[in-house]
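Colleague: Chain by chain, the residues run as shown.
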Amino acid sequence: MPKIILEHVTKRFDKFVAVDDLNMVIEDREFITLLGPSGCGKTTTLRQIAGLETPTEGRITIGDTVVFDSEKNINISPAKRDIGFLFQNYALWPHMTVYQNISFGLENLKWPKDRIRQRVSEMLAMLKIEQFEKRYPSELSGGQQQRVAIARTLAPEPKVLFMDEPLSNLDAKLRLEMRTELKRLHAETDSTFVYVTHDQLEAMTLATRICLMKDGVLQQYDPPLEVYNNPANLFVADFVGNPTMNFLPGTARVLDETHAEVTVLGRSFLFESDAPLGKPEGEDVVLGVRPEFIRLGSGGMEGKVYAALPAGMETTVQMTMGDQLVTSVEFGSVDYKANSPMRFEFHGQGLILFDKKSGKKLGRGSATQR
Amino acid sequence: MRNKKTLGNSLRAYFSKPANVITVIFLIVLLLTVVLPLSTLLIGSFKVNGNQEAIWIDQDGVEDGSWTFHHWIELLTSKEYNYASTKFWAPLGGSALMAALACVVAVLFGGVVAWFITRSDLPAKKFISTVFVFPYIMPSWSMAMFWENFFKNTEINAGMGILQSVTGICVPESMVYGLVPCAMSLGLHYAPFAYILIGGILRNMDANLEEAATVLKASRFKILYKVTLPIVLPALVSTVLLVFSSSISSFTVPFFLNKSSINSGNNFVSISVQMRNLINTGFTKGQGYVVAIVLMMFSIGILTLNNWFTGKRKSFTTVTGKSGQVSLVKLGKARKVIAVILVIIVAFFAIMPLASFAMESLLEVPGDWSSFTLRYWLSREVFEGSNKGDTIGILMSPTMWKAMGRSLLLSVLVSLVAGSFGILIGYAVARKRGSKAATLVSDLAFLPYLIPSMSFGAVYLALSYTKGFTWLDGSFILLLLVGSIKFMPFASRTGTSAMLQLSGEIEEAAIVIGVPWWKRMTRVLFPIQKSSFISGYLLPFISCMREMSLFVLLAASYTTLVTTVLQEYSRTGLNQASNAINLLIIIFVLVIQFAVNKLTGASIDKGVGG
Amino acid sequence: MKRILSLMLALTMVLSILVIGTGTAKAEGSTVAEAIKAAEGMTAAELEAAAQKELADNPTLTFNADSLTSGVKKALAKFEEKYPFAAGRVAYNSKKGSEYQPKLVAAQKAGKYIADFVMIQDASFLKNAMLDTGFLLSYVPQGDEYNIAESDQNPLVGVTFNKIFMYDNTKVGADQLKNVWQMTGVDGVALKGLHNVSYQSPLGEDINMNFLIMLTSDPACEKLTAAYKSYFGKDYNPAEDEVSYNNIGYKFVAEFIKNVGYWHSSDSKEVKAINNYADDGRIIFAGLCKLKDYEYYKEDYKDTDQYYKKTVTAAGWNNDVEGFDGFVYNMWMLIPETAQLPYTSCLFIHYLLSEEGFNAGWGGILGYYSSNQNIASVEGDPALAVWKEQCIVEDVDYLDTAYRSAVKFINMQMAGK
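Chains as they are written, first to last, in the working numbering: chain A, 1 to 370; chain X, 1 to 610; chain E, 1 to 417.
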């Protein structure tokens, strides 16, 4: 049903461009996260879709309705967009009890009293806050306030639900818990979720698609694993994934459509792309290697262990080779002594070649040492 | 033994917290400076105050100084010539109605402007918010004077006013004299107050609260009355409290606008006029005190209501996080129209009275431009054979300048003392929120606002004649003390609301790294809310500059204030000169406010609450 | 910008500190009553010498004169000229009656210094709070120059005032005020203009309250009864009244209050505007002395002695109204028993009651009458004795006895019930 389309949406505050010519389509029942560092325009984008902020230019369609069009001077109020919005600071009304906060939206929909009662009880039960019904927000903890805010947003069963960093004020454990619940909610409610966060892990784990933004410009709009495995550029590659990708600077010489000779870490590799290579703007490239694509113990490269960080399930090993720091992740708990020599090699098909100048991805594939 | 030790320890623990120390100190200070005057008033209402009262009461054994319930009984119940009804109940009812109307005017006008300024994309905001506070800077009777000058007409045999001479329209008498015009003038005078208080809350209110309601499909109207209004309710109640108590005890406005004949039905005698009459007449001082006490109880009632509304349960949750994205309501096409209308209204009530002062100071015969003269500004002609070189031209009079200098100094010092007290009280209240002692301090600090100026002055006069305090008599220090206490309510309100907005963590962060209390106040807390605090200094300054009745009993010849000089000119019939001084005071206040604003960013329109 | 502004602010502060003088010190004086007694036995030259010595002996003291009439201020300036040893040693403090009374009471109760010379009005307050407590004392100047009636000596009356009914008779035409009963509205609309009585509210002005109360006194009732007969052509018969009144005075007060068309807030302002009401002039009850503020004719008659005559004509003042012309009341010149410079006080009163002193303060103006009967009233103004004859005169004893019921009655009328 509701499919959200953004066309050439631009928002300027005086001279500062918060969102620059954004185009995206959010399909029905998707769980989209708007991801990016602070100030990248993700919250502004969300508020524009919700109608709380007016774009300078562009067109926004929700379902069959054009809710905003700068040319045709259409600007439908948020109340008529049939949406739910969860604020970062919850925005609970301090003068209303938990019950009143939740029922407020339903009253506006002119629901009969008993149905409101029933729905609120349902929401209270679902979010496990039944016992707080008669309390005022100031008497609740952060997590409880969060749940009330969610209940309030969900109660009218909005078809589209917008969330602005709703978990950022919670502690780590609670955040994890709420994350799971949000994902369950999405499955249960048939709604489209649009979710703003600066936490890439949250984006990865929750979303069906991630919209990654930087300085108001869309960087990549793909499912999480695609973003992870096939980042469109250096920024995306760097922003997504923990520990972060190794970026090894070097030079490249294109051999044919899918092959290039890449020199990094003072060694020469044959890079074999699974798709035709992009055209580099110069010789300088960056080879992006996710830590899991570095195998330790064998291979043609030798570094020195800088630090080993065992975390139980896996161990992050950092090595130096020359003045380059290389990070690898090994399954299981292994400990290495600092400064001990260590051999390693690249493996797998997931290495990414970037053009250094533009930052763009040139190709994805494997690299074998020559 | 063990108990003693624990007590000592807990005392030491109690006093190790600066907030507790402040609470205790102010509790003592306020008991002495506020409760004492109040109790004198209370005692006065149960005592025979002077021989004249004994003659009035005319009972055996009743003489000066003896105890009596007569004041209360007679004023509240006497049926002789309908005394209780005509002297007390009817005026009280009328005044309550007038004050309520004034509240409506002030809250509606001030609130609407506050909403436009803080919540919409109205153009010319700066002009409106600057000019809007002018009527508050002027003495309240100037609005009444302007009202009469504007609306009076020959139809009601009061001479031709501005409206009639420009348009020929004659408004009915009930628009010129009586209850409604009083309420209007007072409402307009106090509208800036409502604007300051409500605007402060609106400015600080998280816009998300309203947006959340929008998203939940609440209509604009519903948002206003279900979300916005309840949240600004504390500010509304504060406004109502301040406007109501000021209006009901305002003497000059109802006295000035009560000129129509008794048969017309527009004759309105306010309770304040009756109170003044009772107190000023030696026969019935005690009954005047009764009225003062009743008026105070009215205000205390509202104060209690206020506390109940701003009770802890429904209070603001200070949530850290971004809420700066206030999206201003788009007024669309109405934008310019509303702006023009507002600018005209605001300018009308702010600038016209000033212009009329200027005009009246320049015309020998009121309303006759051919009699234009600068005499009352610049003439060196000696004024009524003065002995200290007073001149008819106020700018040439050394007495005027001396008094102006003294008034300025007094006002600056009063604002410093009252403002700093306000911050300290605010600190104690914010840190010890909900504690009984802190609430008491905060309420006590508000009480001076409710005590009639004259009675307040009288109590301190008596104090300065008491053994051990005689050095205070006529001294500048006495004026400073009285002014500081009387004008503290503004400052303590501002201080409290500013402090409440600072989360305790900010101070705790400084405590953790061992910053001493004094430094925390001056280097951490003050700078953060600098503009609010400085605004808290401005309000007492302005009020003090234009205060007259408070100081009239206390000032000696060597502590003459500019308002006394004004009164002196006006008593001598030189109305032009007194208008000129009035204008001069307002200009001084405006200039100083402007300078402070440029220096610190504070201004009274950002004052209380924000 | 900021620096300049802060500099300006700082400068303002410094200036305001500089501008302000320092206070005066106070010292103990000898018994004031004794000094007054001694002064009354002295010749003018002796008194002058005593005052000079007193001022010289107390070089830190200032002679403080508290009063609500600025005539004292004017006279004080001339006093300094006449007695150079007092020059720069005197101060005038303007004190409004109702605001000054608490101060006097507080000083009396504490036995504290308040001033060296006090000039006040309000007979009842004076008698009950100041004379009965012995706080304010009278000094009566002696000598041929002075002719002060016995009744005016203790307490010493300084200046007597009158408040009368005035109107612009050039506008009113034939409908002149001839009988006080005209002001009760009995004539319907026949006497156009005279219905427009303008009176300052007795709730704000004590003198106006006292006048109304005095109207219920016996002498006033006599006047009212006579005028009633003359105006209505028959004797006053209480039985004909719909409401029963205590006496004819009460009746007059009630009907007068109902007929007041305008309650002005300032006498001087109202007098200034006396000719502004184009067609139907008002009858304004105000101090005759306020005519000095009547600027209308001042320009035209600036250089002639015609000014007051013309003003009086224009102001419609005539002194053959049947009933009474207005109200006569006193301002007393007294010395607090805590005065610090009693000889100077005596010398000042001596001066004020002399022709020279009176003229310095109130000379040449209508409506001011010295208690020294040797000083004639200004040209065109009848003698005080005539005024007392034609007006209601303030009487302390009557005010005290009648105050309570009269005030209640007046309040009821003011409320329109």
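These are computed hints drawn from the structure, not numbers from a lab. Where is the CB? At the ideal position from N, CA and C, for every residue including glycine. You may find that some hints are simply not true.
Below are the BS3-like pairs computed for lysine-lysine, each with C-alpha atoms no more than 25 Å apart in a straight line [to be verified]:
#, chain 1, residue 1, chain 2, residue 2
1, X, Lys226, A, Lys113
2, A, Lys134, A, Lys113
3, E, Lys109, X, Lys47
4, E, Lys96, E, Lys109
5, E, Lys96, X, Lys402
6, X, Lys336, A, Lys72
7, X, Lys519, X, Lys530
8, A, Lys134, X, Lys222
9, A, Lys183, A, Lys159
10, A, Lys80, X, Lys47
Computed spacing ranges between beta-carbons, pair by pair [claimed, not checked]:
#, chain 1, residue 1, chain 2, residue 2, range
11, A, Asp21, X, Leu233, 39 to 49 Å
12, X, Gly332, A, Leu109, 24 to 34 Å
13, X, Ile477, E, Glu34, 31 to 41 Å
14, A, Thr251, X, Glu508, 50 to 60 Å
Colleague: Confirm or reject the claim that A:Asp21 and X:Leu233 have a C-beta distance inside 39 to 49 Å.
Modeller: holds, 44 Å
Colleague: For X:Lys336 and A:Lys72, compute the direct alpha-carbon distance and say whether it is at most 25 Å.
Modeller: holds, 22 Å
Colleague: Are the Cα atoms of A:Lys80 and X:Lys47 separated by 25 Å or less?
Modeller: Status violated; Cα separation ~69 Å.
Colleague: Is E:Lys96 within 25 Å of E:Lys109, Cα to Cα?
Modeller: Answer holds: E:Lys96 to E:Lys109 is near 20 Å, not above 25 Å.
Colleague: Quick one, are A:Lys134 and A:Lys113 close enough, alpha carbons at most 25 Å?
Modeller: holds, 17 Å
Colleague: Holds or violated: A:Lys183 and A:Lys159, Cα atoms, limit 25 Å.
Modeller: Answer holds: A:Lys183 to A:Lys159 is near 16 Å, not above 25 Å.
Colleague: Quick one: are X:Ile477 and E:Glu34 within 31 to 41 Å, going by C-beta?
Modeller: holds, 35 Å
Colleague: Please check whether X:Gly332 and A:Leu109 have a Cβ separation lying inside 24 to 34 Å.
Modeller: holds, 27 Å
Colleague: Holds or violated: X:Lys226 and A:Lys113, Cα atoms, limit 25 Å.
Modeller: The hint holds at about 18 Å.
Colleague: Tell me if the straight-line CA distance from X:Lys519 to X:Lys530 falls inside 25 Å.
Modeller: holds, 15 Å
Colleague: Please verify whether E:Lys96 and X:Lys402 have alpha carbons no more than 25 Å apart.
Modeller: holds, 21 Å
Colleague: Does the Cβ distance between A:Thr251 and X:Glu508 fall inside 50 to 60 Å?
Modeller: holds, 55 Å
Violation of the numbered hints given earlier is confined to hint 10; every other hint is satisfied by the structure.
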